[in-house]
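Undergrad: Single-letter residue listing:
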Amino acid sequence: MKKFISKYVLNLANLFFLLSLLCFLFPSKYASEMRGGLKSPLVFALVLVVIEILFLSQLANSKKSRAVKDVTASVNIFLFVWEFIVSRLNLLPYIFIPAPENVFDIFVSDWKTILFGFVNSMELIIAGLFLSVISSVILGTLVGYNKRLTNAVYPIAKALSTVPALIYTPYIVLIMPTFKLASLTVIFLSIFWGSFMGSINNTAFVEKKIINAAKVLNLSTPTILFKIIIPFNLPRYINALPIHLATSLMTLTVAEMLGADSGMGYYVRVSLNYANYTKAIAGIIFIGFVVTLLNILIQEAKKRLIKWNY
Amino acid sequence: MLGSKGVRLLENETVIEIKNLSLSYESENTTYEALKDINLDIHRGEFICIVGSSGCGKSTLLSVLEGLNSATGGSVKINGKEIHGPGAERAVVFQSYSLFPWMSAKENVAFAVYETYKKRGEKVSKKKADEIALAFLKKVELNGFEDKLPGELSGGMQQRVAIARAMACDPEILLMDEPFGALDAKIRENLQNLLLKMWREDEKKKTVVFVTHDLNEAELLADWIVFMIPKQIYAVIEDKLPRPRNYPYIQESREYKELYQKLVKYFYHETSELIDSEGAAL
Chain A
1 MKKFISKYVL NLANLFFLLS LLCFLFPSKY ASEMRGGLKS PLVFALVLVV IEILFLSQLA
61 NSKKSRAVKD VTASVNIFLF VWEFIVSRLN LLPYIFIPAP ENVFDIFVSD WKTILFGFVN
121 SMELIIAGLF LSVISSVILG TLVGYNKRLT NAVYPIAKAL STVPALIYTP YIVLIMPTFK
181 LASLTVIFLS IFWGSFMGSI NNTAFVEKKI INAAKVLNLS TPTILFKIII PFNLPRYINA
241 LPIHLATSLM TLTVAEMLGA DSGMGYYVRV SLNYANYTKA IAGIIFIGFV VTLLNILIQE
301 AKKRLIKWNY
Chain B
1 MLGSKGVRLL ENETVIEIKN LSLSYESENT TYEALKDINL DIHRGEFICI VGSSGCGKST
61 LLSVLEGLNS ATGGSVKING KEIHGPGAER AVVFQSYSLF PWMSAKENVA FAVYETYKKR
121 GEKVSKKKAD EIALAFLKKV ELNGFEDKLP GELSGGMQQR VAIARAMACD PEILLMDEPF
181 GALDAKIREN LQNLLLKMWR EDEKKKTVVF VTHDLNEAEL LADWIVFMIP KQIYAVIEDK
241 LPRPRNYPYI QESREYKELY QKLVKYFYHE TSELIDSEGA AL
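Those protein sequences? They're chains A and B, same order as listed. Residues 1 to 310 in the working numbering are what the first sequence lists, from first letter to last. Residues 1 to 282 in the working numbering are what the second sequence lists, from first letter to last.
Extracted from the complex, chain A is given alone in its bound form (with noise of 0.2 Å):
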């Protein structure tokens, strides 16, 4: 009993959820000051309760508990203080800074945008990310194997890749005939020559020993390339993806505040715009939320389909 309550009730992260659902039976300043007045708590109460049982259920077959309680206690004394400060005292100019309860509701009274959003942003960066790193990887692999052409190209591509995609979006938005396509053309080649010299890189320098192993079974050079050197990298090339997922959605974010009409990124801009901040902070909080997501679920894939390391 006295364990039970060590690990899943003394910590911080549930002293600070309590305190924040205390703040409710408390008078709103915000309320009474501010014409827009506050929204119902319903919805920030619901997310409140949503992390506390993430939290708690992480507890219990998670091994890394310290690290979960240290995240989750981080996140609601930062919620705590919001909604403290905000929402109870109105100490911050309201304009600029809304209650959590107004930008939370955002999710409810707004789902509609911002779900239309999220699936054309998701749309481009899956196909933008797969196209990238699957050609990237073909393409390196190829010439990571052959020495003569590595050291032709690997100088192109390094010169290549420090030219940052951000800095031609405009003109490749300008130049192509959709958005869509200049948003594909803009992530792919965000991603492109950073894991075509990852791909080279790892084919060159792939383990002698396998390398050999393949060699003496007589594979073909196509066996040897996709099925012994691809496989042999693969955990690499998954672990770089929650980096290309980053960079292509900085890369989207921008592509779609020059030319868009809908979109994870868009959604913040014309919230920006209006000066409807509300909106604003609800669209980065729920990018935020989506890169997570994804990371989790990228972490998720790789325990499924590599179940050995080097």
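Bear in mind the hints are in silico, worked out from the structure with no lab data behind them. No false leads were mixed into what you were given.
Computed cross-link-like contacts, DSS-like style, restricted to lysine-lysine with a CA-CA straight-line distance of at most 27 Å:
| no. | chain 1 | residue 1 | chain 2 | residue 2 |
| --- | --- | --- | --- | --- |
| 1 | A | Lys307 | B | Lys126 |
| 2 | B | Lys127 | A | Lys215 |
| 3 | A | Lys227 | B | Lys127 |
Which residues of chain B face chain A? A partial, calculated answer using Cβ under 10 Å:
| no. | residue |
| --- | --- |
| 4 | Ser63 |
| 5 | Val92 |
| 6 | Ala162 |
Every residue gets a Cβ at the ideal spot worked out from N, C-alpha and C, and that includes glycine.
Dock chain B against the given chain A, drawing on the hints supplied.
TA: Positioned in the frame of chain A, the structure of chain B alone reads:
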């Protein structure tokens, strides 16, 4: 110095013929000679051990037979044909970490079987390759571990898989590069006995070229022991110990001890000669 040829009593046909083989590595401004004027005939079904101190070129010599290194002078013929690169008539067991880490024990063996047979032009189905793989994993006493990944197996078990993989491809020639060098004594003995048993029980007896720095190991396994000093073959010694040989019982016989004395003498003779000629200690 004993000649490398002409001492053979076996009437078998020559499988591997190495003639005036030399190999040197070129780097930017120096040339390093690893092998010089190697001559050796290996007959069908013989078990050859190449011994010598570290750096004498024994593994380099084997890598030429594997097809991973090519000679800069002379020739290596297998069944009368000069070799260029690896071939389907040969299989190799390396010292360690040669299994593909993402494939299970069974998949490692079956993949090799499938690819080797395909190369030979006698394609087998994937199902048949699986069956062969399972049969050979059983022979190396790994039943129950077929679906384990190499990372989940001990070093000795991994070498068992590597042996099963090489044997399952049914090569004429088995090339082994210190396959037991990284294992502890007890497991090494087990695997030596297992290897001898598999070699003995094979219908078409394989020709084995086995590199080791362990004199006991060479004596236990070989028909002929090829003694190398840096860059060249110093002596070829016949090992007439009666078969079947079994470690450790064989150690008690008089012949074993005599041969061992002889090998040790070679070893030290070689060393002292080097000191005389080059003024450098090993």
